[in-house]
Amino acid sequence: MSKLNELGLAEARDALRAGDTTAKELTEACLIAIEAAGALNAFVHKTPELAMERAAAADARLAQGDAPAMCGLPVGIKDLFCTKGVPSQAGSRILQGFLPEYESTVSQNLADSGAVMLGKLNMDEFAMGSSNETSVYGNAVNPWRRGNDVTPLTPGGSSGGSAAAVAADLCLAATGTDTGGSIRQPAAFTGTVGIKPTYGRCSRWGIVAFASSLDQAGPMTKSVRDAAIMLEAMSGHDPKDSTSADLPVPDFEAALTGDIRGKTIGIPKEYRMDGMPAEIETLWSEGIAMMKDAGAEIVDISLPHTKYALPAYYVIAPAEASSNLARYDGVRYGHRAKLDQGDGITEMYEKTRAEGFGHEVQRRVMIGTYVLSAGFYDAYYNRARKVRTLIKRDFETVFAQGIDAILTPATPSAAFGLGEMTDADPVAMYLNDVFTVTVNLAGLPGVAVPAGLDTKGLPLGLQLIGRPWQEADLLNAAYTLERAAGFVAKPAKWW
Amino acid sequence: MLDLTYDTPKPKVIAGAREDWELVIGMEVHAQVSSNAKLFSAASTKFGAEPNSNVSFVDAAMPGMLPTINEYCVEQAVRTGLGLKADINLSSAFDRKNYFYPDLPQGYQISQLYHPIVGEGEVLVELGDGTARLVRVERIHLEQDAGKSIHDMDPNMSFVDLNRTGVALMEIVSRPDIRGPEEAAAYLGKLRQILRYLGTCNGDMQSGAMRADVNVSICRPGQYEKYQATQDFSHLGTRCEIKNMNSMRFIQAAIEVEARRQIAIVEGGGTVDQETRLYDPDKNETRSMRSKEEAHDYRYFPDPDLLPLQIEQAWVDDIAARLPELPDAKKARFISDFGLSDYDASVLTADLDSAGYFEAVAAGRDGKMAANWVINELFGRLKKDDKGITDSPVSPAQLGGVIDLIASDAISGKIAKELFEIVYTEGGDPAEIVEARGMKQVTDTGAIEAAVDEIIAANPDQVAKARENPKLAGWFVGQVMKATGGKANPKTVNQLVSRKLSE
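Keeping their order, the protein sequence lines are chains Y and P. For the first sequence, our numbering assigns the number 1 to the initial residue and increments by one for each residue that follows. For the second sequence, our numbering assigns the number 1 to the initial residue and increments by one for each residue that follows.
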């Protein structure tokens with residue numbers, strides 16, 4: 001057997017049930033790997049004692065034979081999830097010292113399912129970013145490198161720490177959140193699997209909000225099967241979140257038959273973009289061929305409003321963020337600026353927020369404030385909402401025509417170098433989300449599956465987009481693609 | 001049901017230095033929804049709790065917390081809408097009103113700007129002189145209350161109490177149909193009465209459960225009618241909003257003084273600036289709080305944490321079916337069923353406790369007599385002790401007992417008042433008291449006749465005078481009453497005296 005920390009959820013689960021290993025051994029293996037991986041800067045708060053406690057409890061349950069789905073499986077939790085008594089800062093200085101008195105529904109669901117939390121994972125500040133470089137903890141680093149080139153690469157963002165930790169086998173799986181691609185882009189950059197479920201599938205309660213109408217939690221894993229197992233454990237109706245859907249959660253793992261014969265896969269022409277690297281184009285074609293070989297019908301489709309998605313997203317998400325982040329004012333918790341003699345409440349707000357928020361967050365708060373302002377609301381926010389409706393309608397139309405899933409590239413490029421985009425126009429960074437934001441705007445499920453390597457040896461991913469609430473079908477399509485692609489590469493350990 | 005009809009009142013006219021001016025007033029009334037829990041959290045709404053003791057994670061806007069709607073508050077808003085004969089919107093939505101203030105932890109107030117739960121309704125405001133103003137309600141929306149900032153506890157620091165944060169408010173917005181300070185107070189009073197009948201707001205203005213923003217403008221006579229015909233606001237003057245009023249008396253004073261301020265400006269050749277003002281009761285003046293230019297840009301947008309609020313007509317119908325009898329209907333019924341005057345019916349229906357008390361007394365008795373006793377004797381006596389109807393030491397059964405004794409001629413009206421006082425101060429069953437204390441009216445003609453004979457015999461001079469002038473017979477009646485300790489039936493005494501004098 002390979003090293004315990006290198007196992008996936010399904011393998012480890014089976015090993016635990018077979019008595020081949022224990023939750024304690026699995027957890028210890030991960031904790032050792034985490035200790036050795038400081039260079040990746042993936043874990044920002046480690047909780048080894050809590051992890052060992054939970055592992056012991058899991059072993060006891062396993063011994064009693066009443067082990068739930070995730071029992072004894074060590075996972076990392078993105079810093080965006082509030083975890084009771086464990087620092088939860090959303091990668092921001094403004095939440096310095098914040099210890100929640102409550103546990104997010106998703107992390108609680110995982111705990112109830114027996115999962116063992118190893119600690120909190122690095123991320124872009126408030127989930128705003130595509131490279132993990134906006135984190136107050138400094139960026140996480142991608143375990144993958146361009147061949148022998150030692151240039152440190154981004155693990156993607158915002159769930160960069162989660163992606164790096166899973167790719168580097170620091171944990172068996174991790175939670176991520178996805179507002180415009182924050183699960184799928186880092187998954188693609190690190191050769192891992194990431195699914196953003198249908199909006200409303202996972203409760204948002206206890207997850208620090210970025211853009212409420214777009215945020216969804218999801219798993220980041222080493223395989224599609226693992227994603228199915230973990231998504232099921234994370235999901236479920238939560239009366240504490242009004243946008244959480246009161247729908248039964250299917251057995252996602254049971255849906256993984258690998259049989260997609262008779263299914264129709266749509267290929268949207270609008271995702272064939274000018275200047276797209278040839279290797280992405282090639283990967284996409286290969287993916288189409290794989291799905292066809294598996295027995296799916298391939299149909300060219302049109303999603304005509306795709307080109308307006310990115311601008312609409314960068315109006316709606318900042319608008320909601322500007323309001324969601326208003327609560328970070330230094331009054332009740334987190335960072336409060338040191339005030340000068342004579343400073344009043346306005347100075348307290350200004351100084352606290354200037355010190356507490358990084359540049360990208362400040363930029364988006366200002367954009368959001370601007371687009372909601374009197375006189376600009378209709379031109380920006382309302383128009384973006386209309387675009388959103390049209391994008392949703394694009395998808396509804398093709399699904400009504402019989403399309404079961406849509407295949408696209410996950411990202412327009414492989415992982416880029418850390419710092420490479422620092423001086424670029426922020427819009428260049430936003431282009432990372434070009435294939436993923438439509439899915440958030442339409443509230444659909446989307447999954448990134450590793451499908452190949454580029455010429456420099458970096459992983460590339462494909463994205464499958466499914467019908468609302470049909471994650472089971474979507475995961476089965478992803479499983480089929482995964483098996484056909486046969487992606488087994490792992491980063492060479494340098495850290 | 002009897003339809004009450006009223007004349008339309010004349011608008012208040014204020015004479016300026018040069019010409020006459022009329023007032024145009026619209027009100028936004030914030031009424032705290034009667035509910036044990038807050039609008040979006042399960043925290044208690046109890047008034048007067050220790051600071052920051054009724055605060056949930058949602059109220060304190062902790063990271064990742066989400067609002068969930070309190071269904072009971074929605075029901076209360078619907079009930080209020082139905083009580084104001086308003087349209088209920090089966091689909092409504094919540095919006096965020098964004099601004100920074102320490103007592104607003106979220107940095108936004110959840111309100112309903114674009115799609116309120118209640119649409120157009122109306123309130124009939126009687127003015128007590130046979131006239132009544134029909135004030136149109138534009139809308140009612142649900143929103144969160146803010147907390148309380150306390151600036152006077154420490155010279156260097158401010159404190160925040162979040163107990164009130166997130167408590168449900170209904171903002172009831174009227175059309176500019178109110179035409180004078182008295183009408184404004186009467187409108188608020190009528191609204192308060194209806195809400196208390198409905199049980200949707202306790203109407204307590206002192207605790208801030210009901211407060212009003214008052215929009216005041218002035219116009220030349222005739223202009224308002226043009227506005228009415230066209231609904232074009234340009235016929236009216238520029239309005240100023242007087243914020244946060246929680247006293248009927250101050251509302252009247254503030255409107256009067258604000259109107260006079262605007263008249264002085266316009267007659268002096270100036271123009272009124274649209275702005276928000278505060279009323280200072282000590283100086284009896286309004287002061288500018290912020291101008292239109294300084295007005296906040298609240299950046300309203302639909303709250304993405306809450307789905308649109310969908311309610312079903314059947315649910316609304318069920319609430320409507322369980323609606324209590326409202327003041328106008330009760331008053332009309334009191335007039336038609338009990339033969340009361342408009343005034344008496346108004347007094348008795350002012351609140352549910354009084355109306356209930358009256359109905360208990362009037363059941364099976366003469367309604368007018370019951371009204372008389374409740375209003376004149378009981379209310380008068382309670383007022384003397386600064387007590388309300390719910391503190392009355394006399395129960396409806398006791399008061400009814402007193403009235404029964406009068407109706408059966410067992411006691412005279414005069415004795416009845418003495419009896420009432422005994423029941424009020426000492427308690428007890430009126431019939432037993434009358435029996436035990438020998439207060440029963442003497443109706444035995446023989447006994448009274450003897451007393452009359454005795455008085456006539458003892459006063460021959462008076463008899464001679466009375467025979468000259470029959471009006472003096474009253475003196476004999478008085479003497480007989482005195483001799484019988486007031487217990488003789490006055491009617492019998494009268495008859496006997498006049499018969500004996502004419503013999």
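Just so you know, these hints were derived from the structure itself, not from any lab. Treat the hints loosely; a few may be bogus.
[Unchecked claim] List time: in silico BS3-like cross-link candidates among lysine-lysine, alpha-carbon distance up to 25 Å:
{"id": "1", "chain 1": "P", "residue 1": "K97", "chain 2": "Y", "residue 2": "K386"}
{"id": "2", "chain 1": "P", "residue 1": "K148", "chain 2": "Y", "residue 2": "K351"}
{"id": "3", "chain 1": "Y", "residue 1": "K240", "chain 2": "P", "residue 2": "K46"}
{"id": "4", "chain 1": "P", "residue 1": "K414", "chain 2": "P", "residue 2": "K465"}
{"id": "5", "chain 1": "P", "residue 1": "K440", "chain 2": "P", "residue 2": "K465"}
[Claimed, not checked] If you anchor each label on the Cβ, the simulated ranges turn out as follows:
{"id": "6", "chain 1": "P", "residue 1": "G119", "chain 2": "Y", "residue 2": "A428", "range": "43 to 51 Å"}
{"id": "7", "chain 1": "Y", "residue 1": "A428", "chain 2": "P", "residue 2": "S91", "range": "35 to 43 Å"}
{"id": "8", "chain 1": "Y", "residue 1": "S373", "chain 2": "P", "residue 2": "D20", "range": "40 to 48 Å"}
{"id": "9", "chain 1": "Y", "residue 1": "K269", "chain 2": "P", "residue 2": "N244", "range": "56 to 64 Å"}
Note that CB positions come from ideal geometry on N, CA and C, so glycine has one too.
Structure-based check of each hint:
1. P/K97 with Y/K386: OK: P/K97 and Y/K386 at ~21 Å, within 25 Å.
2. P/K148 with Y/K351: Answer holds: P/K148 to Y/K351 is near 23 Å, not above 25 Å.
3. Y/K240 with P/K46: Holds, because 23 Å separates the two Cα atoms, which is no more than 25 Å.
4. P/K414 with P/K465: violated (28 Å)
5. P/K440 with P/K465: violated (33 Å)
6. P/G119 with Y/A428: 43 to 51 Å: 49 Å Cβ-Cβ, so the 43 to 51 Å window holds.
7. Y/A428 with P/S91: 35 to 43 Å: holds (42 Å)
8. Y/S373 with P/D20: 40 to 48 Å: holds (43 Å)
9. Y/K269 with P/N244: 56 to 64 Å: Because 59 Å falls inside the window, the suggested range holds.
In this structure, the hints that do not hold are numbers 4, 5, in rising order.
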